[in-house]
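**Q** Read off the chains here:
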Amino acid sequence: MEVMNGESVAKELGLREEEYERILSILGRVPTPTEIAMFSVEWSEHCGYPHSRKWLELLPREGKFSPLLGEDAGGIVYDGLAVVFKMESHNHPSQVEPKQGAATGIGGIIRDILGSGARPIACLDSLHFGPREDERSLYVYRGVIEGIAFYGNCVGVPTVAGEVYLYPAFQGNCLVNVMCLGIAPREKLTQAKAQGEGNYIIYVGNKTGRDGIGGCSILASQEFGVKEEKRPSVQIGDPFTEKCLIEATLEALDTGHVIGVKDMGAAGLTCSTSEMAASGGSGVEINLDLVPLREEGMEPWEIMMSESQERMLLCVERGYEKKIIQIFHKWGLEGEIIGEVKNTGKVTIKYQGEIVADIPALELTKPPVYTPSREKPLYLDEINNFSLHSIPPPSNYEEVLLHLVSSENLSSRHPVFEQYDHMVGINTVRLPGLGTVVLRVKGKKWGIAVTTDCNPLYCYLSPREGAKMAVAEAARNLSACGARPAGVTDCLNFGNPEKPDRYWQFVEAIEGLSEACRFFGIPVVSGNVSFYNENPQGTIFPTPTIGMVGIVEEIEKAVTAGFKEDDLIVVLLGETKEELGGSEYLRVIHHREEGPPPQVDLPKEKALQELLITLVKEEILSSAIDLSEGGLALALVESSVVEENPRGVMVDLDCLGDIREDVLLFGESGGRALVSVRGESLNSLQRFAREIGIPYQVIGKTGGEKLIIKKGEKLLVSLPVEELKSCWEGSLGE
Amino acid sequence: MRFGVVVFPGSNCDYDCYYVLSQVLEVDTVFIWHGDKDLKDCDCIVLPGGFSYGDYLRAGAIARFSPVMEAVKEFAEDGGLVIGICNGFQVLTEAGILPGALLPNKGGRFICRQTYLRVENNQTPFTLLFTPGEVVKIPIAHQQGNFFIDPLYQEEIKKQIAFRYCSSQGEVDANHNPNGSWENVAGIISKEGNILGMMPHPERAAEKILGSEDGRRVFLSVIKWWEEKRWK
Chain A
1492 MEVMNGESVA
1502 KELGLREEEY
1512 ERILSILGRV
1522 PTPTEIAMFS
1532 VEWSEHCGYP
1542 HSRKWLELLP
1552 REGKFSPLLG
1562 EDAGGIVYDG
1572 LAVVFKMESH
1582 NHPSQVEPKQ
1592 GAATGIGGII
1602 RDILGSGARP
1612 IACLDSLHFG
1622 PREDERSLYV
1632 YRGVIEGIAF
1642 YGNCVGVPTV
1652 AGEVYLYPAF
1662 QGNCLVNVMC
1672 LGIAPREKLT
1682 QAKAQGEGNY
1692 IIYVGNKTGR
1702 DGIGGCSILA
1712 SQEFGVKEEK
1722 RPSVQIGDPF
1732 TEKCLIEATL
1742 EALDTGHVIG
1752 VKDMGAAGLT
1762 CSTSEMAASG
1772 GSGVEINLDL
1782 VPLREEGMEP
1792 WEIMMSESQE
1802 RMLLCVERGY
1812 EKKIIQIFHK
1822 WGLEGEIIGE
1832 VKNTGKVTIK
1842 YQGEIVADIP
1852 ALELTKPPVY
1862 TPSREKPLYL
1872 DEINNFSLHS
1882 IPPPSNYEEV
1892 LLHLVSSENL
1902 SSRHPVFEQY
1912 DHMVGINTVR
1922 LPGLGTVVLR
1932 VKGKKWGIAV
1942 TTDCNPLYCY
1952 LSPREGAKMA
1962 VAEAARNLSA
1972 CGARPAGVTD
1982 CLNFGNPEKP
1992 DRYWQFVEAI
2002 EGLSEACRFF
2012 GIPVVSGNVS
2022 FYNENPQGTI
2032 FPTPTIGMVG
2042 IVEEIEKAVT
2052 AGFKEDDLIV
2062 VLLGETKEEL
2072 GGSEYLRVIH
2082 HREEGPPPQV
2092 DLPKEKALQE
2102 LLITLVKEEI
2112 LSSAIDLSEG
2122 GLALALVESS
2132 VVEENPRGVM
2142 VDLDCLGDIR
2152 EDVLLFGESG
2162 GRALVSVRGE
2172 SLNSLQRFAR
2182 EIGIPYQVIG
2192 KTGGEKLIIK
2202 KGEKLLVSLP
2212 VEELKSCWEG
2222 SLGE
Chain B
193 MRFGVVVFPG
203 SNCDYDCYYV
213 LSQVLEVDTV
223 FIWHGDKDLK
233 DCDCIVLPGG
243 FSYGDYLRAG
253 AIARFSPVME
263 AVKEFAEDGG
273 LVIGICNGFQ
283 VLTEAGILPG
293 ALLPNKGGRF
303 ICRQTYLRVE
313 NNQTPFTLLF
323 TPGEVVKIPI
333 AHQQGNFFID
343 PLYQEEIKKQ
353 IAFRYCSSQG
363 EVDANHNPNG
373 SWENVAGIIS
383 KEGNILGMMP
393 HPERAAEKIL
403 GSEDGRRVFL
413 SVIKWWEEKR
423 WK
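Protein sequences appear in the order of chains A and B. When you line the first sequence up against the working numbering, it's residues 1492 to 2225, in that order. When you line the second sequence up against the working numbering, it's residues 193 to 424, in that order.
Just so you know, the hints here were simulated from the structure itself, not pulled from any lab data. Take every hint as true, because none was put in to throw you off.
Cut-off 27 Å, straight-line C-alpha distance, at most; resulting in silico cross-link-like pairs (DSSO-like, lysine-lysine):
1) Lys-329(B) with Lys-416(B)
2) Lys-2048(A) with Lys-329(B)
3) Lys-329(B) with Lys-1935(A)
One chain only, chain A, in its complex shape (with noise of 0.2 Å):
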């Protein structure tokens, strides 16, 4: 970056060639660097999502909850209430430093939350590693762990789900997709717009440093390449500051007299002074000299391109200035004036008495949009054609069942989220571990459900039906407790979208989610796309992460997981098929990714959601749980080990049908669930289950001290549930 002339810094910079030639036909003049520099990040794939955009317009926007479409976090209305969340991705700089690349992605998704004028009352985190056996793998999962801790114990937001999934596709890129959830009364909400001629534009939080540059547009928006030097432009997060700037921003909201609000995250100033204008249909102007610097010496372009955390920008009406500026030194916060608001439609950026920067706000903010051609990858032929002949069933289920307990992806959670605060804000009335977490608003009768889900190994065997068994299951998981899917958020992990096998399955899982959410009427309010999840050795397995957000309308109501009493009827709801492929049965033990995998019945799924939501209301369940990832064995175990007491069970599967004992067992067939009730209300049951039209099978019987699985006359686990206790517990515990 020394020489700072033109193309050669634009490419530097990531910029295109015909980018290059389109800012200069914007400006009409050559740009300078600072100009350059903003260009690079507004339309880097991490900010301007070039590559998705006209893809992101077939997601569904409408649905049953009325939506709330914003900049940064959308959301949706229930009783007056905005309920607002997005899931964004921190991959590439979690990779290069684990512990502050989660940590810094934690503050910027809480930050967006907030910029919505919202107050942040949950975190979740979907987190995808490769195997602990590798040395590295093991370093980034313990690093993300313990930077999750690290910033969301301190900020005070609980981190309350989220899931943790370990394939050796994620090994040298992993996946950190996090999510906030926030609520505000709808009038409440804010705008990132800045307006009305004079207006301030104000400055607060953390002083600006040299971390950070390029966040998004070198370390987001490009491969990992062999030489590794991104680690300059990994964030560093303070927590504690970020609490102090929620309070302070809240505070400041509250005074009536704050316009709009936008946090300073990817591309910082650069991002939060363009679209801020842009949306407001206005310009600014800036002086650079009054921005609060962190170091001696730093560059224009510098202090537009730093990511420097835990900083807002917001547009104050004038004549209220130090009533909002004070706030901020309350809290120990920095709070500058740094520029007004200016009818010029531009951003222009002085810096020492010059103009550094005079640029257009609409084009700043209008990156170009590329779709480019697409193939369907050739591996995706071979690998579907798994044939449940070429494996013989096992001859003891007990030591099968044991190994996929404690196995990585199917084992507790327990030992992860235990290091998490998910308690704090004493909203957490459904606790993590017992089946869907719900958070109570206090002083409503309802609740919020929330969860994240997405199996990769589905999407890698086909991103179409893996796209749509994500929301499907994030449908079912949310419904098991009585609450009705209400709104997604989506972050969209992928390869290198320039490589056309790629971008046919970014496209393929966008159209599958697209009709997904469609056919269930639950409109994506957000979310987030992360291409180039790459690393030396190939591509991620595609990851569509879904975050979804239902609502219970009665909260007192909300089932969990685990069996209660002894004598309770456990039934399995929904048809088990002759389905195999891309089970974690297969891959743990037979060692095989094959497909295909599980088929989703959309009007099937429907259905199950609509009569576990009847049954929670009518008080018919005593405990639900999905059936997923492990299939009906491991929502067995779960039921009988959740609770503090485990509680043994004893079911038959002959009623199941003739179907091979392993598939019955280990079989992850959508559309089903595992519930059980009291003697009496199993009549009701029926009725509502044969008047939604979904079969239902009464397979045994809760009680004892062992999970006994048997097919009519044959055993086929007898296990204590204490050792399968301490089996599923001990696994990631390390």
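Chain A is already provided as a structure; the job is to place chain B on it using the hints.
**A** Below, chain B alone, put in the same frame as chain A:
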């Protein structure tokens, strides 16, 4: 009577305590800013959990120098009631208002989970609604809760133990010690009995919907004690 909840920058259980006191128990409660020395005529001061001043240097190490702590110290010396929860307990030991120190958890990690506590002493303003030896369920969430006391003072401090970590059946042993605390200590009172420090969060166990109501009795004890003035 009136409760005051101190707000340090970085406190994050301040609102939870305020909510439980003012909304659930419906007692007069105010916030007290860390920069103020005026305790607003409160009868019981709550130092809430969180990461005061980011817990930089050491948990609670900076908070003890804040103006409000001068006032709290005076208040405590005059026999005023003070409850330090989690980070608040750390602040009290750092300030020398309570004895001992809270070291990093054995294992080094942050732990958030439900724990069972055995009530060791119900002759205090904070525990009079419990029965001696009663087992209660109140969650913890901390990284530095490993209570340490110099061997010289151990005998003396034993009388000041209010809560100890135990099993659901009340067994106090190493298997039910989440953080390595000396004698499974979860909470202690001052020699005079007017100050309680505890790592578990009673405000997180004050409503049925949260899975336990045991914690609310800590606050209710204070209210009852205040009303009866039976402590001297």
